[in-house]
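K.L.:
The primary structure of each chain is shown beneath.
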Amino acid sequence: MKKLLRKLTGPLLFAIVAIAVFDLTPAMAQEEAGPVDEYLELVEASGAEYAPAFDFFTVSMLWTVIAAALVFIMHLGFATLEAGLTQSKNTVNILFKNVWIISIGLVTYAVLGFNTHYPVDAWQIPGWLGINGPIGDLNADGGDTWGYGGLSLAMTGYGDFIFQAMFAATAATIVSGAVAERIKLSSFMIYSTILVAFGYTIAGSWHWGGGWLSTLGGGDAAFYDFAGSTVVHGFGGAAALAAVMILGPRSGKYAKDGSIKPIVGHSMPLAAVGVFLLFFGWFGFNGGSVLSANPGPLGLVFTTTALAAAAGGISSILISWIVLKKPDLSMALNGLLAGLVSITAGADAVTVFEAMLMGAIGGVLVVFSIIFFDKIKIDDPVGAISVHGVCGIWGTLAVGIFGGANLMSQFIGVIGVYVFAFVFSGALFLILKAVMGVRVSEEEEFEGLDISEHGQEAYNHSNT
Amino acid sequence: MKKLLRKLTGPLLFAIVAIAVFDLTPAMAQEEAGPVDEYLELVEASGAEYAPAFDFFTVSMLWTVIAAALVFIMHLGFATLEAGLTQSKNTVNILFKNVWIISIGLVTYAVLGFNTHYPVDAWQIPGWLGINGPIGDLNADGGDTWGYGGLSLAMTGYGDFIFQAMFAATAATIVSGAVAERIKLSSFMIYSTILVAFGYTIAGSWHWGGGWLSTLGGGDAAFYDFAGSTVVHGFGGAAALAAVMILGPRSGKYAKDGSIKPIVGHSMPLAAVGVFLLFFGWFGFNGGSVLSANPGPLGLVFTTTALAAAAGGISSILISWIVLKKPDLSMALNGLLAGLVSITAGADAVTVFEAMLMGAIGGVLVVFSIIFFDKIKIDDPVGAISVHGVCGIWGTLAVGIFGGANLMSQFIGVIGVYVFAFVFSGALFLILKAVMGVRVSEEEEFEGLDISEHGQEAYNHSNT
Amino acid sequence: MKKLLRKLTGPLLFAIVAIAVFDLTPAMAQEEAGPVDEYLELVEASGAEYAPAFDFFTVSMLWTVIAAALVFIMHLGFATLEAGLTQSKNTVNILFKNVWIISIGLVTYAVLGFNTHYPVDAWQIPGWLGINGPIGDLNADGGDTWGYGGLSLAMTGYGDFIFQAMFAATAATIVSGAVAERIKLSSFMIYSTILVAFGYTIAGSWHWGGGWLSTLGGGDAAFYDFAGSTVVHGFGGAAALAAVMILGPRSGKYAKDGSIKPIVGHSMPLAAVGVFLLFFGWFGFNGGSVLSANPGPLGLVFTTTALAAAAGGISSILISWIVLKKPDLSMALNGLLAGLVSITAGADAVTVFEAMLMGAIGGVLVVFSIIFFDKIKIDDPVGAISVHGVCGIWGTLAVGIFGGANLMSQFIGVIGVYVFAFVFSGALFLILKAVMGVRVSEEEEFEGLDISEHGQEAYNHSNT
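Protein chains in written order, with our numbering: chain A, 1 to 464; chain B, 1 to 464; chain C, 1 to 464.
These are calculated hints, taken from the structure and not from any lab test.
A few of these clues could be false.
Identical copies look the same in the list; a pair holds intra-copy or inter-copy alike.
[As the list claims (entries may be wrong)] 27 Å max Cα-Cα, derived DSS-like pairs, lysine-lysine:
| # | residue 1 | residue 2 |
| --- | --- | --- |
| 1 | K253 | K375 |
| 2 | K433 | K253 |
| 3 | K433 | K326 |
| 4 | K325 | K433 |
Could you build all of it, start to finish, from the sequences and the hints given here?
P.N.:
Here it is as structure tokens:
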């Protein structure tokens with residue numbers, strides 16, 4: 001029996017199995033069509049090569065789409081955080097921008113972003129630039145199963161697409177916070193569209209699309225950025241810095257006598273809702289980046305992510321208490337985010353105590369960074385440059401220090417992506433400034449963008 | 001035997017393991033009880049017929065309950081959207097109504113709704129009416145596995161129940177928004193209970209319960225409504241229209257000189273939170289309607305759902321900007337929802353570019369529809385009739401245009417369900433009006449329902 | 001051949017499949033490394049003993065981490081509920097406390113909580129006390145698979161850790177609500193740290209860590225608390241009672257003439273958001289406590305949880321309407337939570353109608369309990385003692401009445417845990433009171449903790 005079995009080729013064996021195990025199925029299918037029949041047809045149709053671990057594929061794919069939904073809810077987190085930390089007269093504007101960003105981010109990703117992010121063999125400049133067109137029918141090539149990515153990708157084409165699409169809009173959302181309260185809406189809408197469609201996807205292709213960052217040292221010294229400390233958060237932070245430098249601070253923020261006027265946010269509950277939702281969604285952002293439901297790394301990533309955030313919150317609370325003499329809620333909230341950005345590059349590659357250390361250092365960095373940028377008159381209402389830009393650098397380098405990545409490659413990757421993001425964003429912003437202006441008038445800024453741009457107010461408490 | 005085994009290579013070992021495992025399990029169970037033992041007992045107990053694809057069943061069932069949780073959070077989305085788009089003096093009332101709706105919706109669904117929605121062989125008028133009693137022990141008939149629904153349903157009886165139960169309250173929630181700010185609480189509580197318990201479930205039985213809509217053309221031309229553009233959203237929208245027509249507009253909304261007084265919402269952040277949560281929950285609403293974790297359709301449905309929403313947001317932003325001369329946040333938010341309703345009937349049956357087109361058209365429709373209903377003095381504070389009713393029609397017909405469904409059957413389904421919803425809701429509302437009144441007094445309306453009905457205020461910012 | 005196969009029994013067939021399928025894998029692995037290869041290596045490496053049901057393990061582990069994320073979002077629910085039901089002048093303080101609690105809760109759980117909660121063989125006083133050190137590499141002992149917990153635990157070590165870690169901070173969060181608006185921040189931060197690190201984990205070890213409550217009657221009459229009506233919610237409620245008794249009521253709450261001044265919450269939308277998020281997260285809290293993706297219990301637990309909450313909401317609405325003469329939103333919201341706490345001990349052990357009855361009784365209890373505690377001048381701004389403490393008792397005993405648990409053991413468990421929580425919390429609070437004070441000054445309380453403790457305001461609506 002044993003001998004006989006060994007002689008049989010895989011496909012035949014599989015056929016036999018199918019007959020044996022599922023012999024009942026065809027007959028049943030005639031009576032009653034349902035998911036099992038469809039599922040078994042898939043198994044059979046896929047042939048021997050892709051037969052193994054079908055259920056592993058299915059559960060991995062399920063996780064991928066759930067993770068996509070979790071990353072989606074981060075956009076609500078960004079929207080409420082940004083709204084909470086700014087003035088109530090600009091709230092409609094901020095919410096509007098965030099509806100725009102997620103909408104245009106998803107659509108452009110289908111139209112050209114996905115294939116530019118992953119140029120595969122369609123690079124115009126190999127390893128550096130590959131702008132390509134719309135997605136096709138991603139379920140086409142046996143795409144319901146291993147057919148799409150082969151055994152190296154436990155998700156369907158649409159799973160791959162929707163998870164990455166949810167990431168794409170993030171870069172623009174980070175900028176949105178930094179330029180809030182004085183940017184011209186129409187300019188921002190054009191800026192964010194181009195940034196998401198081309199800027200983010202080109203930079204991302206260098207690492208995740210198989211570009212030059214993924215082949216450093218012939219691949220042996222490849223740049224390592226698990227879920228995007230650099231290629232998502234750092235990109236957004238560096239783009240924000242360029243935009244803010246060109247845009248200038250909010251009116252009255254920095255007086256001529258050198259004093260800094262605090263412009264406080266209008267709703268701390270809204271800000272806190274935002275940060276907790278971001279934390280929640282980050283389980284999809286990092287956890288989904290395992291790219292399968294492999295239980296070992298999945299549990300580790302959830303744990304390092306949560307503990308880095310917690311350590312960032314604690315260190316930020318303590319250090320800001322010392323520096324600012326008060327237990328500051330904004331800093332506590334930014335500390336959680338700092339911890340999250342700091343672990344994003346290495347969530348699968350460090351121990352839990354390294355994760356806590358990385359998060360705690362991120363929580364300290366963010367406090368000093370926010371104070372520093374305010375001192376040099378870079379006016380970032382929500383601290384986005386510090387949270388995403390500065391902690392993005394730290395998180396990326398930390399994988400070289402703790403997680404076994406090549407530290408030099410990490411440096412190269414940070415510099416490559418940050419410089420590109422800064423230049424791309426800056427050039428785009430300067431062009432927009434020349435062509436149509438990027439800033440509202442001083443009167444409009446004083447009146448608030450809600451009235452001047454939208455003719456709506458965010459709150460109406462006196463209506464009877 | 002043991003010696004022999006040691007010599008065998010891994011694969012064969014694994015084979016033997018499989019034999020051993022399924023054989024040894026009872027013995028192991030004695031030593032150590034745990035989920036595997038229980039699981040394997042289930043596999044054995046189910047016998048040959050249901051043995052295949054056990055893990056597929058398990059992962060599909062997991063997705064079903066997660067999707068149920070996602071649909072649940074849509075109720076928070078509805079509550080905050082409705083509260084945000086109305087006046088602050090009616091906020092307690094709105095939140096209260098939504099607590100009531102989800103509570104009574106779940107309980108009535110257990111008491112009679114589920115078995116009325118799925119009458120199986122207990123129709124009183126076959127294909128049209130089958131009002132039945134409470135659910136029993138849905139795990140009874142080998143219900144932990146394929147035993148409940150056979151190979152055609154990859155979920156347990158409780159999975160089936162809880163997912164559908166979360167849908168049930170939606171119809172009443174849609175009406176809640178349309179009648180807000182002037183409806184009498186006690187009347188609404190009775191109305192919503194009967195609507196959810198009988199109206200929604202009867203209409204739903206025509207399609208999902210195997211009723212006449214599912215057998216059009218002998219089943220070959222069956223009405224197609226994947227996740228409920230018509231049988232959930234359209235039902236709610238049509239019911240809302242009847243209710244609003246009987247109830248009349250809010251005082252002062254339409255002046256005698258023909259002018260329309262805008263009554264603006266009190267909190268756009270609350271409204272935006274609502275829409276983003278609805279978008280988030282819709283991944284469960286549509287994704288869960290795959291009714292399994294089958295990776296092919298699951299990825300497609302997530303993608304079409306997200307892209308239709310995004311396209312609806314964009315088209316609504318652009319068209320309302322042209323029509324209203326301002327970038328309107330309410331319209332942007334309604335555009336996202338319009339896109340979602342528009343794709344709900346065909347999320348699994350169209351390409352991603354068809355999905356975007358369907359969503360974009362929905363986003364245009366909703367803008368003109370809201371303006372139209374306001375012109376004809378149908379006062380719908382949140383635009384529910386337009387979002388759910390009008391886009392529900394569009395979404396359903398669109399599956400006939402793009403998705404291969406029979407267009408005539410789609411028409412018949414829309415007319416059947418909308419007319420029934422309109423008549424059921426209208427008759428119920430007229431009876432309540434005659435018996436106990438459906439509207440608060442003008443003084444109460446002016447004072448606000450929070451004080452007049454609840455003796456509470458939603459906000460208290462001056463307390464020290 | 002076909003005939004031969006037909007004769008084979010099910011298990012052998014499985015064996016053949018295993019040979020066929022896994023035989024091809026090594027060859028493939030050389031070509032293309034990916035999750036499947038890693039996954040199959042795991043399967044092989046784990047050896048015969050742990051080979052079965054790998055996919056069941058994977059899907060169960062996925063559910064565990066998703067459930068952890070759902071429990072995480074409960075912390076946002078607690079934060080917003082507590083903020084909403086209190087005055088706006090204390091909102092920053094409340095949000096800050098909640099950032100602290102989740103952060104320190106996660107970190108202490110890694111440093112000592114987990115190994116104290118589950119002392120395994122490292123008890124100092126067997127069955128009663130086992131304080132132990134930090135977690136190590138929980139993926140070490142073949143921890144990616146059944147290696148960590150054997151066949152009795154369908155999750156990895158990190159899955160186990162992160163799910164339990166999310167529970168841990170809950171106890172402190174419950175206290176946070178009860179002591180709101182007058183507690184000194186620094187004292188609360190120390191208190192909550194010790195309560196979470198030692199108090200909760202020690203009490204939990206008695207039941208979930210294999211301690212004395214799990215061995216009552218030699219294990220035959222073991223205390224039964226499925227997801228923690230007593231060991232989580234009851235613990236928090238009893239700890240809160242001790243804290244409130246020592247702390248005293250808010251200034252002016254109880255006048256000398258015996259009258260009670262209502263101090264109303266500042267934002268009912270925030271409170272409602274909190275309760276709906278708690279309801280949402282409870283699907284992870286109870287559903288995750290199935291500790292696997294076993295479809296039978298999973299569907300049942302989701303159903304009983306939702307229906308108990310709904311019944312609690314309805315009964316609370318009706319009874320409070322009768323008692324208070326008004327439909328009270330706070331009571332409606334607390335009714336949902338009361339239903340949830342009431343089902344938590346027995347969610348897997350009762351029928352759906354028993355679940356509704358348990359929830360409905362919880363909803364009644366919470367109304368009278370809140371009124372009662374107010375009468376005896378226990379000032380609990382959010383009703384935490386009633387919701388978590390009182391309904392925790394009811395839910396635990398109800399499993400003895402309806403769910404087949406030993407009623408005497410349930411009594412013993414309640415008394416044991418509640419007395420311990422009360423004494424631990426009280427002693428800790430008294431020490432803190434003596435050493436550094438636990439209450440802000442009357443001026444600070446009057447001014448609000450936001451200004452006096454943080455120098456920040458939660459809302460700034462007049463900024464231009």
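K.L.:
All hints, please: hold or fail.
P.N.:
Cross-check of the supplied hints:
1. K253 to K375: Within one copy only: 11 Å inside a chain, 45 Å across chains, cut-off 27 Å.
2. K433 to K253: Within one copy only: 21 Å inside a chain, 43 Å across chains, cut-off 27 Å.
3. K433 to K326: between (40 Å within a copy, 22 Å between copies)
4. K325 to K433: The answer is between: 23 Å across copies meets 27 Å, while 41 Å in one copy does not.
In the structure shown, no violation is registered for any of the earlier numbered hints.
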